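Protein chains: 2
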Amino acid sequence: MMRNAVVLLSGGLDSATVLAMARAQGFACYALSVDYGQRHHSELAAARRIAQMLGAQEHRMVKIDLTGFGGSALTDSNIAVPQQPTEGIPLTYVPARNTIMLSLALAWAEVLQAQDIFIGVNAVDYSGYPDCRPAYIEAFERMANLATRAAVEGRTLSLHAPLLNLSKAEIIRQGSALGVNYAQTVSCYQADEAGRACGACDSCRLRRAGFAAAGMDDPTAYRAA
Amino acid sequence: MMRNAVVLLSGGLDSATVLAMARAQGFACYALSVDYGQRHHSELAAARRIAQMLGAQEHRMVKIDLTGFGGSALTDSNIAVPQQPTEGIPLTYVPARNTIMLSLALAWAEVLQAQDIFIGVNAVDYSGYPDCRPAYIEAFERMANLATRAAVEGRTLSLHAPLLNLSKAEIIRQGSALGVNYAQTVSCYQADEAGRACGACDSCRLRRAGFAAAGMDDPTAYRAA
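Those protein sequence lines, which keep their order, are chains A and B.
Heads up, the first sequence is in our numbering, so the first residue is -12 and it goes up one at a time.
Heads up, the second sequence is in our numbering, so the first residue is -12 and it goes up one at a time.
Chain A on its own, in the form it takes in the complex (with noise of 0.2 Å):
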């Protein structure tokens, strides 16, 4: 029998990639995305698509409302996202962003009785985000072994972050050697409705990079500038 693992799956190019590992290790995947008020709105119709295209068991959104909070260019729509790299933690970092979404994966692993969540943290270009570095996968992995019924009768949970130690470039070989068609992920923080990319946000630059490095043609849509 396939053991149950979440996946969080964001419709971006790390997430989709990641999906694929999971299906390949044998998991029957359970994806999870999250529509928090990301201006990047389109890619949650990407993480609809690739769900379906990569063989997840089942593809659940969560809406929870983190506009409110503010505090990010991705859901502050007073804040612009920067067109040049900046020094220290990005405006796009989002407060707690990753500890929210993998609570939630949490509590639907729970539930599944899935002893596995997968995320596509990457702390190579993780553009200096605090919650993509290794020490934080695992705090929040022995947390969670701390926080659920399954944690009590003796089940442990395994958080994988499988790309969290490769390159821009590496993810997108694997993933394409496992089928992933990149063509429909979405990775702009302010890609347009049809998932259009601007070409110009750290998200962007880091994802055109990778093509490069890696040797193959950048299947990114680009909206005229």
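Since the hints were made in silico from the structure, they are not lab data.
Please note: incorrect hints may appear among the correct ones.
Copies of one chain are not kept apart here, so a pair can be met inside one copy or by any two copies together.
Said to hold, decoys possible - Once the Cα atoms are required to be at most 25 Å apart in a straight line, the calculated SDA-like pairs of lysine to any residue come out as:
#1 Lys50 <-> Ala15
#2 Lys50 <-> Ser64
#3 Lys50 <-> Gln171
#4 Lys50 <-> Arg26
Every value quoted in this text rests on a predicted model; they were computed, and no experiment measured them.
Go by the hints and put chain B onto chain A.
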């Protein structure tokens, strides 16, 4: 200048007491309630009243629908609230609820630049909930101190659980001394729209026994059986 704190406020007896304690310690309190589709929805109306009565700077309600995950008598209308004490983890346990609520508190704390979060968990009368144990609280605090911009910049977050080792009677005595009007709080897992309690669920039993042990009149409004 007063320091900001985020206080999780359910509208029940415990979290109302915690808000009063945080205020008494001199914090400017930002009360956060989570509408997660709970059966006892009238506790949220109680939270609104209590935030105002106990002098919170602001009260915010975040809506997130956990009924889609189910797995608890509080979020799945097909699972009845037990009317008798049960062995082990009760059916009213909501998967990962405290982790989700603390994650939201962490997000708001980060935006407010608050370094203190208060939660009313209790390990004495905790009814077997895994996410009310001291080791869980410590592990969440540790994770939170790796998760955020504040963490990277060296500001430490403290997670306060002042009720952790108090009996219900002690909680009621301390809250009463701080002026909490418990008639305004709703603890019952199946309170009606007016906030009237069933008198039979775990939460009602613990609450009633607490007033008795404290030697105080129980101000709870019970509905006719």
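Verification of the hints:
1. Lys50 <-> Ala15: within (23 Å within a copy, 29 Å between copies)
2. Lys50 <-> Ser64: Answer is both: 18 Å inside a copy and 20 Å across each meet the 25 Å cutoff.
3. Lys50 <-> Gln171: Intra 22 Å, inter 30 Å, cutoff 25 Å: intra-copy only.
4. Lys50 <-> Arg26: Cα proximity of Lys50 and Arg26: in one copy and across copies (14 Å, 19 Å).
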